[in-house]
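Novice: With the hints as extra help, turn the sequences into a complete structure.
Respectively, the protein sequence lines represent chains A and B.
FYI, in the working numbering the residues of the first sequence are 49 to 798.
FYI, in the working numbering the residues of the second sequence are 9 to 346.
Hints were generated in silico from the structure; no laboratory data involved.
Hints may be right or wrong, so weigh each one.
Ranges of calculated distance between the beta carbons of each label pair, as one might list FRET restraints [to be verified]: (1) B:F345 to A:E516: 34 to 42 angstroms; (2) A:E235 to B:W282: 24 to 32 angstroms; (3) B:C272 to A:E446: 51 to 59 angstroms; (4) B:D327 to A:E598: 26 to 34 angstroms.
The calculated EDC-like cross-link candidates involving lysine to aspartate or glutamate, where the alpha carbons are at most 20 angstroms apart (straight line), are [claimed, not checked]: (5) B:K281 to A:D71; (6) A:K357 to A:E253; (7) A:K348 to A:E397; (8) A:K756 to A:D774; (9) A:K756 to B:E91; (10) B:K188 to B:E308; (11) A:K251 to A:E335; (12) B:K281 to A:D210; (13) B:K281 to A:E79; (14) B:K188 to A:E525; (15) A:K348 to A:D257; (16) B:K281 to A:E205; (17) A:K357 to A:E370; (18) B:K281 to A:D65; (19) B:K281 to A:E84; (20) B:K281 to A:D208; (21) A:K756 to A:E719; (22) B:K188 to B:D137; (23) A:K756 to A:D786; (24) A:K790 to A:D718; (25) A:K348 to A:D260.
Beta carbons are placed, not taken as given, at the ideal position from N, Cα and C, and that holds for glycine.
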Amino acid sequence: MRVPLSWLREYVRVEADAARIADALSISAAEVNTIERRGPADTSLYVVGRVLGAGKHPNADRLQLCQVDVGEGKPAQIVCGAWNFSAGATVAVAKAGATLPNGLTLERRELRGEMSEGMILAEDEIELGADHTGIIVLADGLEPGSPLANAVPLVEEILDIDPTGNRVDLLSVYGCAREVAALFDGELLPMPGTDPAQDGEEKVEIEIDDLDGCPRYVGRLFRDVTIAESPLWLKARLRDAGVRSISNVVDVTNYVMLALGNPLHAFDYDRLEGGRIVVRRARKGEELRTLDGTQRALEKSDLLIADAKRAVALAGIMGGEETEVSDTTTAILLEAANFEPVGILRSSERLALRTEGSNRWEKGVDPYLAGPAATLATQLLVELAGARWPGAADVQGELPQPSVIPLRPERTNEVLGLDVAPERQEEILRRVGFEREKAGFRVPTWRARDVTREIDLIEEVARFQLSEIPFTLPRREAMFGRLTRWQRLRRVVEDVLVGCGWSEAYTPSLVPAGPIVLPEPISAELGAMRETLLPSLVEAARANRAVDVENVALFEIAHAYPERGREPWHVAGIVDGGFAEAKWAVEQIYAAAGIEPAYERASEPFLHPGKAARTAEGWVGELHPAELEGTWGAFELDLDALAAAAGETVRFEEVSPYPELRQDLAFVVDEDASAAELLAAVRAAGGELLRGVEVFDEYRGAQTGEGKRSLAFRLAFGSTERTLTDEDVAPLRAAIADAVGKQFGAVLRA
Amino acid sequence: MEAEALQKEALAAAEAAQTLAQLDEARVQYLGRSSELKLALREVRDRETGMALNAVREALEAAFAARQSELERAELSARLTTERVDVTLPAELLGDVRVRPRGSLHPTTLIRRDVEDAFIGLGYEIREDREIETVEYNFDKLAFPAWHPARSSRDTFYVDADTVLRTETSPSQIHILEEKPPPVYMVSIGRVYRRDAITPTRFPIFHQFEGLAIDRGITMADLKGTLLHVMRALFGEEREVRFRTHYFPFTEPSMEPDVSCGVCGGSGCPTCKWSGWIEIGGSGMVDPQVLANVGLDPGEWGGFAFGLGLERAAQLRYDIPTIRPFWENDLRFVRQFR
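Specialist: Structure below.
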């Protein structure tokens, strides 16, 4: 909502400047996005002028040479390109030295051999309008030389206010004025508008079929209407408020909407069949061509304004083309109604048609506003369109009665954590329209939807006290906070991977395809919830390679969505350099979690068929070369499963004071026997004194023979009682060689 | 030869090729310069024959291309099979593991950890909840009115009529209050979804943290103090906090907290649009209706809630003008953080 400050000040008397008003509104009422200033920075050289003489420029056919009285001893000579005036006209003049809003500074200079000492202004040159077909012709009687700013709204400050959805009352200049009056304790003037005398006795036929959808309809008939351009002040106001000027009648409806917050509509009365209005729901198959030229198929839930025969407007959203006010219109029917919000919202959503009107209706406009809106519009139509007002109707259902809500002042203080005296609370509420009654506070009609409970009244007090509220912390009886086991494991995994040289990625959980599909995605790329993180990381790796980033190692911890109701956390990674790189990282994760995983050969279409392993919690492998150019390792583990399997605590074991005895064993064994199987056999055969064993070498060559390889193990034997000797462990060594030989046909290498 | 028979024969030949070399041979035979088909095409005089022969040519070209990729994939697989390793070997025996300098956590995680630590210090528990949420928990129990625009499929991703991708972490308020009796002090952190078009400053997925305190005698002053503590933990001890009135369905009164601008210290600069303050999220006192919805007596229990965006907080802390780099994962971005 763009609020011109001069308009606001018409309704409220306050000293505060735009910046202070904006600050106060932002804190206590609605955010002010910007304060915009329109017009020249310095207005001292802008004056009213009277054209004393005007004739063709001697050296230019399209220019006029004018003598203009600008209140100085001798008239100013001004060259002008417009022809919509002649001697005697009162005009707007910028004298030499003035700087136009567009930054151009006028100078005394010769134009085609004649001196020009300023400029006779058109609307667009001082940002009052878009018109450049002629200069501004002012009303007669203005004193030449008097400040132009007194005659036209030469400068304006505009507040761009962004009210929250519950404050439809602030989508009007008067509503904002009410708030400003309360904030600065200024005087709020009565709502604008006085009904001129009705002139004639014509019946206006209004019928409401659906009082739920339209609890009120004020219809007023105007005759002898002259459609014309709006006066400059009105055009300027609309322009400053961001609304395009169309004609005096349409401009009046928009002006009243902006001023008071009640959208209006004007029908060409002579085009209403039977001269009557029926408010009803659409019929099956009914259609309407709206003002924007679109033919719209209606549904039974759409609320319509119809005449005796057909739909003439989509209630509250947009009028119909056939009954639109045109240059030849001489009679209009003005609609000042009230519409129920949810229905308007549904229709406007379905038709993807949002208008200034629907934006207000869908938030719930005060049903008592229709009367004042009709009055202000009537006054303006009579004043500006020369109209006569011969008939009116006001049809209404049962309008909601203002409720009275009790307020315990001490409850306010409990909620705020600040003592606000009961008198002060009452004062604040009174200023924003809540009248004290015996049983509590009477809610003003313009806040009826929003304020229904004691807590809502408390908020009204609170928003005026926000900066007074102190900073405290809850006083607690018990206090305990710590990360859960899972949360701690997540941090450990993050830190382990970062330590390994991997960096963290965040990729979208929406992907092109997945088990849970969105019926209305914003794009095909973000069409479904992902089942696995890997494809997103492949994309991230690809993007990094595309910009020549080297040493790519990325991981992510995020939800996967394999099926409805299950959202396990996954940790996944991708690294340049192949299987060993990924497996190293996975080994570190398992080590940190205190789990000894069992790796099994795996087969996945996206993985290298010979370099892929599965564990209980996921997989690790080399990416299939068809997935991404280059050699890449990757893994993905279920972090929830990992947490479930993670060792709870470390069980301490006594450290022996004696050194361990290390021995190496190498076996030649079939390729099919895995290192893990051999390791298990070694362990089983090694008994208690075998403290540790690891594979430290793999070798293939002429000595091992086809289909075989050599695997070397380092054994560590130890005892808590003494230092072991080669003789002590010789039987164990033999037992191990024997077991491995028997189980795997392995031959001990010399 | 009849076009139809020729096509049949050529397709069979493509299918029969077992190596890329064999396939090439067949291709020359049936689609090469001097193939029967090409010769026939050169001789064509009438439109109809030309169309028919071209259709055959196109069908054959497609079939050969398809067979080629099949064979390529098969040959690749055969080659890969010869590279088979013992996957149970320790990583260092499987190939080179490069010594890499330390990596970086993503700024979103850095902020998440600071949030966690700040609230752990205040005695809050941290939780994560489901992202695919019911309309009941995402809207109804949080007292969103029927007309609220967030309920619209314009703004929210619906999975079906009763299910959405959660639009905020606020459903956690309901989950925890249904799980345990108050007092409750918790922060929920996770991904949320809005049906926003992708722009430099918006992405349809982002992370939020949502705080909730439910106890006896909780005040707006407690909320203000808590937010001050957290803002200072996130952005520095010199920061100030103020409230602006706002509207949220599940809090009443509702306020947006602002934090004083870190660039100018509050005197006004382009970052804070000359106001000295920066918008940082939403907050308010838990609406009595929400308490009633989970079976708590609003006369006895009260509390506050607040929600902020992790990315937004990271943008402010590290002075990152757009949201884009948060989801692009360019290592030159991520490696700047530690």
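Novice: Against this structure, judge whether each hint is valid.
Specialist: Results for each hint:
1. B:F345 to A:E516: 34 to 42 angstroms: 39 angstroms, holds
2. A:E235 to B:W282: 24 to 32 angstroms: Roughly 30 angstroms apart at Cβ, these two residues keep to the hinted range, so it holds.
3. B:C272 to A:E446: 51 to 59 angstroms: 55 angstroms, holds
4. B:D327 to A:E598: 26 to 34 angstroms: 27 angstroms, holds
5. B:K281 to A:D71: OK: K281 (chain B) and D71 (chain A) at ~13 angstroms, within 20 angstroms.
6. A:K357 to A:E253: Status holds; Cα separation ~14 angstroms.
7. A:K348 to A:E397: The given pair, whose Cα atoms are some 15 angstroms apart, holds under the 20 angstroms limit.
8. A:K756 to A:D774: 29 angstroms, violated
9. A:K756 to B:E91: Within the cut-off at roughly 15 angstroms; holds.
10. B:K188 to B:E308: 16 angstroms, holds
11. A:K251 to A:E335: It is violated: about 29 angstroms lies between the C-alpha atoms, which goes past 20 angstroms.
12. B:K281 to A:D210: 16 angstroms, holds
13. B:K281 to A:E79: 13 angstroms, holds
14. B:K188 to A:E525: 17 angstroms, holds
15. A:K348 to A:D257: 13 angstroms, holds
16. B:K281 to A:E205: Distance ~18 angstroms between K281 (chain B) and E205 (chain A) Cα, so the pair holds.
17. A:K357 to A:E370: Holds, because 13 angstroms separates the two Cα atoms, which is no more than 20 angstroms.
18. B:K281 to A:D65: 19 angstroms, holds
19. B:K281 to A:E84: Since the Cα atoms of K281 (chain B) and E84 (chain A) sit roughly 13 angstroms apart, the hinted pair holds (cutoff 20 angstroms).
20. B:K281 to A:D208: Satisfied, since the Cα-Cα distance of roughly 14 angstroms is no more than 20 angstroms.
21. A:K756 to A:E719: 5 angstroms, holds
22. B:K188 to B:D137: Holds - the C-alpha atoms of D137 (chain B) and K188 (chain B) are around 15 angstroms apart, at most 20 angstroms.
23. A:K756 to A:D786: 18 angstroms, holds
24. A:K790 to A:D718: 13 angstroms, holds
25. A:K348 to A:D260: 15 angstroms, holds
Hints 8, 11 from the list above are not met by this structure, while the remaining hints are.
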